[in-house]
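Line order of the protein sequences matches chains A and B.
For the first sequence, the working numbering puts the final residue at 197, and the numbers step up evenly by one.
For the second sequence, the working numbering puts the final residue at 1207, and the numbers step up evenly by one.
No lab work stands behind these hints: they were computed from the structure.
We put the beta carbon where it would ideally sit given N, CA and C, even for glycine.
Treat the hints loosely; a few may be bogus.
Covered stretches of chain B (chain A as the covering partner; in silico rule of three or more C-beta atoms under 8 Å from a C-beta of chain A) [as the list claims (entries may be wrong)]: (1) 1027–1034; (2) 1083–1096; (3) 1102–1114; (4) 1182–1188.
Listed below are the residues making up each chain.
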Amino acid sequence: MNQTYALIMAFLSVVIVNNFVFTKFLGICPYLGVSGRLDMALGMGLAVTFVTTLSGVLTWLVSTYVLVPFHLEITQYLCYITIIAGAVQLVEMYIRKFFPVLYKSFGIFLPLISTNCVILGLCLFINIFWATNNLLETAVLSSGAGMGFALAICIMAAIRENLVMSDVPESFKGAPITLITAGLLTLAFMGFAGMIK
Amino acid sequence: MANEHSAADTQYFRAFTTGLWRENPTFRLLIGMCPVLAVTTAVKPALTMGLSVIFVLVCSNIVVSLIRNLVKPHLRIIMFTLAISTFVTIADLYLKAFQPQMSEALGPYVPLIIVNCLIIFRAEACASKSSLTISILDGISFGGGFTIALCILAAIRELLATGKIFDVSLMPSDYVPLLAMQMPVGAFVTLGLLVGLSNLLIKERTS
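Full structure from sequences and hints, please.
Next comes the structure, spelled out in structure tokens:
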């Protein structure tokens, strides 16, 4: 019971309080680039959630059972990026086979998931900075990080759909106003700070 | 002969100046934004990050340019990424050994240079098609543009948040520090205003 409670708290913490986009600035590129339409943002968020969960668990397993026992920590970045690229390739093939329409609308953004900072950032936090010590916690935190990204990107897409109608100064259209909006959003999310450590 | 020589010179000059302003990665192209926002709370970490990126970018451009005729097209992205990861590991170990405090302050953002879109973008757009000299100049140019942008943003944020730059007080003694500038909101809003400003400058010059 106590452990379940701790897991739920860790999940909420990584989704809302320590959201990767709003507090750690990870995954800003797709956040600014792709988040123009809500349905695409949701698809992107779900794809990223799947990849983070998969690669978080895989890198934790490789790190714990291969790299650390054989003292190969020096190659950890190489291993992580290879695992992530493999996981993204898997998702890409799956989506191309079963959801061809979605695949077309993603275009270049799908292979670019492998250079999404959220995923490598999560693998680094899982294995080095938080140093989680069991598989369940790793899985929960990994999926939480992905869902936090999905949440952020969906909120942003919904705001940007309405931003089209508003009267923005010519030179601030596009990226600048998006950045300022994102700044105000982080201010709102700061309200959660300190609720869960 | 003289003409050929000057044509080559302009080509090199162009490779060197593109990234500094006309295609500045941060203000014009908006790529590689994670470190831009995360490490610019003060000038010192921003400068360290900028120099690390220049090192990685130049080295990866050299390697990519040298192997550009050997790799198969469908394998190139993973080859580029592996080359980049190797150099990032070198930079990370160097910082850990000689600048331990800075390494701790930068935290995950040094290894995250691996997925900085700027580096893979230059590898793909320039180094995989150009000669060695052009690739090196291109790396210095885009790395330099990135570093300058990082330092401008960091200087503004540090000055407004603490009233100092490099521990030198620049504000009047009764200045009330704007703490928000050190938080995420300060990063996003300052960068948004700077990008808007650079759009304005470009538009005035072209019209």
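For each hint, the structure was consulted:
no. : hint      : verdict
1   : 1027–1034 : holds (count 5)
2   : 1083–1096 : holds (count 6)
3   : 1102–1114 : holds (count 5)
4   : 1182–1188 : holds (count 6)
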